[in-house]
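With the hints as a guide, bring the two chains together.
As you go down the protein sequences, you meet chains A and B in turn.
Note that the first sequence ends on residue 307 in our numbering; no numbers are left out.
Note that the second sequence ends on residue 313 in our numbering; no numbers are left out.
Please note: incorrect hints may appear among the correct ones.
Said to hold, decoys possible - Covered by chain A, per the in silico footprint, the following chain B stretches (three or more residues, Cβ under 8 Å):
#	segment
1	123 to 129
2	245 to 256
As the list claims (entries may be wrong) - A partial selection of chain A residues facing chain B, derived with a Cβ cut-off under 10 Å:
#	residue
3	L63
4	R108
5	A286
Claimed, not checked - A few chain A residues that don't get close to chain B, going by computed Cβ distances all over 12 Å:
#	residue
6	L9
7	T143
8	R303
Think of the hints as simulated: they come from the structure by calculation, not from any bench.
Every residue, glycine too, gets a C-beta built ideally from N, C-alpha and C.
What follows is the residue order along each chain.
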Amino acid sequence: MRRIDIRLLLPVLSLALLLGAVFWMQPRAMSYTGLNLLFNLAVPIALATIAQMLVIMVDDIDLSMGTFVGFCACVTATFLHDTPLLGALVLLAAVGAYAALGALIEMRQLPAIVVTLGMSFVWSGLAVLMLPAPGGASPGWITAVMKARPPLVPMAIVACVLLAVASHLLVTRSALGTLLRAVGGNARSVARSGWSVVGLKATAYGLAGAFGVLSGMALVGLTTSADANIALRYTLLSIAGVILGGGEFTGGRVSPVGAVIGALTLTLAASFLTFLHLSPDWQIGAQGVILILVLAARLLVRRRAAR
Amino acid sequence: MIGATFARPWFWAFAAAALALAATVVLTGSGGASGLLKATLTFASFSVLVGLGQMAVVTMGPGNVDLSIPAVMTLAGTLSLKLMDGVEGTEAWGLLVALGVGLGAGAMNYALILLLRIPPIIATLSASFVFQSVAIWSNRGLRIKPPDTLAAFSTGSTLWVPNLAWVSLGAALVFWVLIERSVYGRRLSALGQNLRAARLAGVPVEGVRAATYLLCAVMAALAGFLLSCFSGGAALNMGAEYLLMSIAVVVIGGSSIAGGNSNVPGIWGAAMFMFLIVSMLNSYGLGSGVRLIMTGVIIIAIVTAASGRRRAG
Chain A
1 MRRIDIRLLL PVLSLALLLG AVFWMQPRAM SYTGLNLLFN LAVPIALATI
51 AQMLVIMVDD IDLSMGTFVG FCACVTATFL HDTPLLGALV LLAAVGAYAA
101 LGALIEMRQL PAIVVTLGMS FVWSGLAVLM LPAPGGASPG WITAVMKARP
151 PLVPMAIVAC VLLAVASHLL VTRSALGTLL RAVGGNARSV ARSGWSVVGL
201 KATAYGLAGA FGVLSGMALV GLTTSADANI ALRYTLLSIA GVILGGGEFT
251 GGRVSPVGAV IGALTLTLAA SFLTFLHLSP DWQIGAQGVI LILVLAARLL
301 VRRRAAR
Chain B
1 MIGATFARPW FWAFAAAALA LAATVVLTGS GGASGLLKAT LTFASFSVLV
51 GLGQMAVVTM GPGNVDLSIP AVMTLAGTLS LKLMDGVEGT EAWGLLVALG
101 VGLGAGAMNY ALILLLRIPP IIATLSASFV FQSVAIWSNR GLRIKPPDTL
151 AAFSTGSTLW VPNLAWVSLG AALVFWVLIE RSVYGRRLSA LGQNLRAARL
201 AGVPVEGVRA ATYLLCAVMA ALAGFLLSCF SGGAALNMGA EYLLMSIAVV
251 VIGGSSIAGG NSNVPGIWGA AMFMFLIVSM LNSYGLGSGV RLIMTGVIII
301 AIVTAASGRR RAG
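With the rest of the complex left out, here is chain B (with noise of 0.2 Å):
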């Protein structure tokens, strides 16, 4: 039993996270832990969120990544901010443009990479510059404010787990039960294994790659609707971090980098361990330097660690 859940890929995503947790409680004492708990279950929500997208994506074999997150987050915190203009009553409506937004950023992605047969990454990557601009222009002006139910709820806590752990909860329920027990799932991994036999076997690959790019696209626009509520307001650079977040998220949460195999449980793993890897270096005194190589190095020795476990296995 024991041994079996050491060999889950998961696993070493929560120890590692329970490790940084452990360490930054061992110096600031065990009264600031339930606070620090609290504020890493709020911010690895929104990493849970597009990690989720983007787990998806990779799943689907190598040269699938969608580095289009960061604008679509951007793009949809602004564009329903705009719509809601901090009038309460809006919610539902500012909620629906955010999705609405990534509906279409997603089905621009895939256009793009269906009509001119161009690698995800070049097609995601252009259109990022077009959601971008749109972004920059409708952002203009001042910074408008989420209505005052809206800000609350991002910031509350039901349970005492924060509201927006429990949205991520949910997602990453929704995405087990996909990824695990739906024909898309199924779908999703053969493709990513081995994109000829899965053709061969009848799976609609096409529409299995069209629904991926929209489910993505609608969880980074989900994301940026609650990011921005969170913060008080969108700003032009907040996706800007959770690009590499989702990529590295999907990996040290113990997906495989080249598809075909997905990891739900282990992205909240994973998205817990990057936000206290960073406050454990910040409550040592760390200055932004040593803290920015300090992350760069623990997640490529984390990769090379995956690597070379999963090739044992």
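Next comes chain A alone, as it looks inside the complex (with noise of 0.2 Å):
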């Protein structure tokens, strides 16, 4: 327990600190209103990092996670709003694939990232078909779900901690979660005790595909329509977040809750950088600064830890 504790705090402190200068310059932010703002499009971007994270606790990388999101937001905006069973039997046939996949890549021993870097040109291929140009519309009760707004707390906040809490009790909680994060560890031992390492890879690859298609159908109930290119930048923000998170590349060390701060902070410091007045020139330098100031704090944390 003490050690998840360590590792989660770092994150926490990143996102208060960000938040605090964020109040400082921009008081009004301090509201209901303010908060849902600067939180909104967090959602689909946790989604995507708690996707991301559940390749990488398997020791894969998937670089194919932005134009996944975009396909799925794609398929949203067209067929589950046209044809909501056509449109969700699509869906559930995209976690099929990736589950598949994670199949593959462990029977064979492909490189995840070269099948994951061949399949971004897939989903982007699919999603151009679909949609030659931006446009479709969100189904109605997706913009309800993500437009909702509960008393007290928006609703970005809610959906980040519900989120938080449902993966934490997946991934470190349950038997499953402690299988999957064993084959990140020593896949050979799982094996050794009479696993199938190929079903479990194939299990956290669809969770992967599960949480990709939540992402998409997410980021379309903000956005209310959808292209074939509006979640690029979800695959470096999702390995961003996962590492701001806490999380390891190696060894299946990942920390869910950590990833959805992560994300947070991720989205937050855009909007820092948009308070500070800096030139969008140099806004995904910054974000590159911030991770770099990341990843030296949490290196001297650990020295400290050591010794």
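What follows is the structure, given as structure tokens:
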């Protein structure tokens, strides 16, 4: 339990620091509407980050996450809106495809980087076929959920807390989650104790696909339309979110709560840079610098802990 | 003899390229073949330049990938064109600036890996955000044209073969000597095959790693410089497609993605294949959506087939 606390300390601190800075510069953000605006776009990013985390948990990396979320957004805005049953089937098939990829990668010992890079072409090709130009419409119920106004706490925060709790229960508390993390830690020992690593990797990828689908749906609920390139940034954002949240690249050491906090931090960083009146030219670079600073801080904390 | 050729990992890359060429020529008629071959050599040469650098990085073993290649290409192209400002006689300075950008970027990548002890993927990714920002900032305003001499050089041919292809052939030759015949190449393979054993055997691990990241960034910078001269100016998204390309040519070319085993001739075969497959799908009149899907499926199919082959052998 103590280990988890230490690992979560840094992401929480960076989020609090950033939030404090935003409130200091723009006190009006300290309200229901302000918070809602600040964190609105965090929900799809947090979902994509959890999806990426599930892949990183089994020692792989998914470079197709952004195009996959874009593909799901396109399905949501077209099929799911026009013919809900067909749309649901397509999205289910996409989750199945993710699970199949996981099995393929493990069975033939393929490099996940290359396979997912190749898949990113496939997803964006499918998305372009569906929506050659930006368009489509959001199904009413998704918009209703995403734009709901619960009392006291904005929807974006409620959704992120729910997501953090649900994924924490799934990954760190359940038997399945423990097994999946074990695959990342030592796949051979998992196989020796009689589990099917192929099946477990397929499960991890399938779960990642499911969270990717949710991310696409949430995104359409916010933007009310979609296009093939809508979520390209999500690949990098999701990887950065996992790392900011204290996840490691190897060994199955990930933190779902941290990943959600990492996604919130990244969303907030973008708003913060806008409040700073920083030229848009430097925004990407500033995000890179923030990432480097957090990693440097983590190294310092870990050195101290090791002492 | 023939059996030995079949067993070479690079054979399949060239065979696939020849097949794609044949499939295109069957449709378009032999009249377009020479033009197609010339275009293939030209465009493949950019992929070869970035692919060689990526290959050296990938050879160092799992987790070693340089994701900053697109950003370094863009930054090198932008800064060098800005310095030359289209004036003739500044070509050497432009090239020097581009190579300097490569050295700087490689040094920053390696410094992040060494100082922050973070995986190379994250280090090169974070660094690429910074490079990209500098490129956006300096690319403000009008599109600057390259000096005419450089534009003519990069679009021209010598002895029928495009000048760019000569440059890339030269680079491939240098890499072949470096990887197969030099101490550096031996150390690189040793490091990729077993890091611990290499360290115990006295290989200067950090030196080799630093040199490799520098090399990769310099190759990306060179490719960016030539690409911006070839296409008449630098664009912010000009490096975008070369991230996948650099990794794909390494894998298709028969180098081991797990590290420790690299293959220089395969890079050329794979680079030509990657261009030919797109032009084949184009000439069959497929839309951009279908073309993207096919490209992805073909890459995955090749990686899957290649892994089976390696296991059998």
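Results for each hint:
Restraint check on the segment 123 to 129 of chain B versus chain A: 5 residues with Cβ-Cβ distances below 8 Å, three needed, restraint holds. Three residues within the 8 Å Cβ limit are the bar, and the segment 245 to 256 of chain B against chain A gives 3, so the coverage statement holds. Given the 10 Å rule on beta carbons, the hint for L63/A holds: about 8 Å separates it from the nearest Cβ of chain B. Residue-level restraint check for R108/A holds (minimum Cβ-Cβ distance to chain B is 5 Å; threshold 10 Å).
For the restraint placing A286/A at the interface with chain B, the shortest Cβ-Cβ distance is roughly 7 Å, inside the 10 Å limit, so the hint holds. With 12 Å as the threshold on Cβ separation, the claim that L9/A sits away from chain B holds: the shortest Cβ distance comes to roughly 18 Å. Even its closest Cβ contact with chain B, about 27 Å, leaves T143/A beyond 12 Å, as expected for a residue assigned away from the interface. A beta-carbon of chain B is positioned within 12 Å of the beta-carbon of R303/A; the least distance is around 10 Å.
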